[in-house]
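Student: With the hints as extra help, turn the sequences into a complete structure.
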Amino acid sequence: MSQATLKGIFWSLTAALALALAAGCNFAPKYTVPPLATPTAFKETNGWKTAEPADTVIKGKWWEMFNDPQLNALEDQVSISNQTLVAALENFLAARAVAKQARSQLFPTVTADPSYTKAQASSNGGGSVGGASSQGGNLYSSYSLPLDATWEPDLWGSIRNTVAASVYSAQATAAQLENMRLTVEAELAVDFYELRAQDELIALYSNTIASYKDSLDLTKTLFESGIDSDLDVAQADSLLETTLAQATALGIQRAQYEHAIALLVGQSASIFSLNPAPRAYKAPLVPLGLPAQLLERRPDIAAAERAVAEANASIGVARAAYYPTVSLTGGTGFQSSTLSKLVQSSSFYWAAGVAASETIFDAGKRKAVTEQSWANYRANAATYRQAVLTAFQQVEDNLAALRILSTETDQQDVAVRAAQRNLDLAVQRYRLGINSYLNVITAQVSLLSNQQTAVSIHMQQMTSSVQLVMALGGGWTTNDLPSTKRVIHDTASH
16 MSQATLKGIF WSLTAALALA LAAGCNFAPK YTVPPLATPT AFKETNGWKT AEPADTVIKG
76 KWWEMFNDPQ LNALEDQVSI SNQTLVAALE NFLAARAVAK QARSQLFPTV TADPSYTKAQ
136 ASSNGGGSVG GASSQGGNLY SSYSLPLDAT WEPDLWGSIR NTVAASVYSA QATAAQLENM
196 RLTVEAELAV DFYELRAQDE LIALYSNTIA SYKDSLDLTK TLFESGIDSD LDVAQADSLL
256 ETTLAQATAL GIQRAQYEHA IALLVGQSAS IFSLNPAPRA YKAPLVPLGL PAQLLERRPD
316 IAAAERAVAE ANASIGVARA AYYPTVSLTG GTGFQSSTLS KLVQSSSFYW AAGVAASETI
376 FDAGKRKAVT EQSWANYRAN AATYRQAVLT AFQQVEDNLA ALRILSTETD QQDVAVRAAQ
436 RNLDLAVQRY RLGINSYLNV ITAQVSLLSN QQTAVSIHMQ QMTSSVQLVM ALGGGWTTND
496 LPSTKRVIHD TASH
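Reminder that position 178 of the sequence shown reads as 193 in our numbering, one-by-one numbering, no gaps.
Please keep in mind that the hints were generated in silico from the structure rather than gathered at the bench. Heads up, the beta-carbon is just placed ideally off N, CA and C, and yes, glycines get one too. It is possible that part of the hints are untrue.
FRET-style restraints, in silico, Cβ to Cβ [claimed, not checked]:
id, residue 1, residue 2, range
1, Ser285, Lys74, 58 to 68 Å
2, Ser342, Arg381, 11 to 21 Å
3, Ile286, Thr257, 29 to 39 Å
4, Asp252, Ala292, 28 to 38 Å
5, Pro54, Ser94, 24 to 34 Å
6, Ser372, Ala307, 45 to 55 Å
7, Tyr338, Ala397, 29 to 39 Å
In silico DSBU-like links for lysine-lysine, alpha-carbon gap of 30 Å or less [what the hints assert, rightly or not]:
id, residue 1, residue 2
8, Lys133, Lys297
9, Lys297, Lys74
10, Lys45, Lys58
11, Lys58, Lys297
Tutor: Take a look at the structure:
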């Protein structure tokens, strides 16, 4: 049997043995999602109108349900220009690259190291130059074209579990990216409606100031007619100036909301602006879906679950360390002292070898690493369960807020109408000389306070609707997670 045939048989048997062992050994525990009981219905929906049954799913561009073209335009800029999302995307790409690096360990490493050496040996001593015996003073050349390969067969599943853990980590990072995206989108919507609430307050104060100016003119007229006192004029003037100062202060918070929106859409606050706009919006009916679907719709829950899967795979890596490591090495190539003979059969060489190593004593290190892996798994499982419980809390919180705010809005509208009627009567009685101007001031302050409360309640309705959408996961589902194939093979930028 020829040398080439023996070499082929050796490599074939080695590869077959490695593949057979690799296919049958995996020391990671069988993974299942940590169990957690989910409710059959959301508790706080009782007495609160929800979306029609046909609208059971929040769409991808969830903000469009608010029917505000300006908000739509701002939200569309978030995914493109927000630098926090850009950083989160790069974190995902880095995690995906780590998974690809881990997978590369499943394959042999092949290196080529061609070389050329020309040297002259010492005339006073023998020796070797370029791999050949030399005579003093002679020039020698050496040409080498080697090809070396090393491979560590994954006999115990260590590399495969490392790859799996890296893939799960990349998927968790992708889910974190989507959670960050949803957070930024929701924060933008909240800031937008808080800014619009400031616009409404500014408009309210503008109308109120105009009314107070009319009241001041009335007190001056009555004073000049001898019907009223200078005290009433001073009180009306004081109330007007105080309200002017309060109206001016509203601009501070509006400017801050505008600057915050600029940051979220990736623009400089120095060049970004939003024109004031009157209130022309109402809270939408948000489709809730079933409570059990919440686990598939929240990217933060998906990230926590993938972290559990990653920890589970890491247990397999730790267990595999108890078993020996086998390395296969091989080399072939050509070597000659003359270039013309480099690729001839007489210049050909090859070598092959197998090596195994096993740790005999490590003072309990491997056991400790395994215990650490199990502890990490249990910690991640607890974090996952906590994320699920937190998600249900957030949904119920915002459902309760919207249900109660709906009732409070109706009650506050009644209060505003009552305060307006009280003011109208107070002004009428003041004109007739029945009541003092103090009654008018009290009624004016009461009306403004009730109107401010109404604006605040309406703003809370809008922001609670946004936060409910966020608590429900926006339009995201676990189907949007990148698959293992996409993590390993995709070369696109996500």
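Student: For each hint given before, does the structure comply? Return the numbers of the non-compliant ones in rising order.
Tutor: 1, 8 and 10
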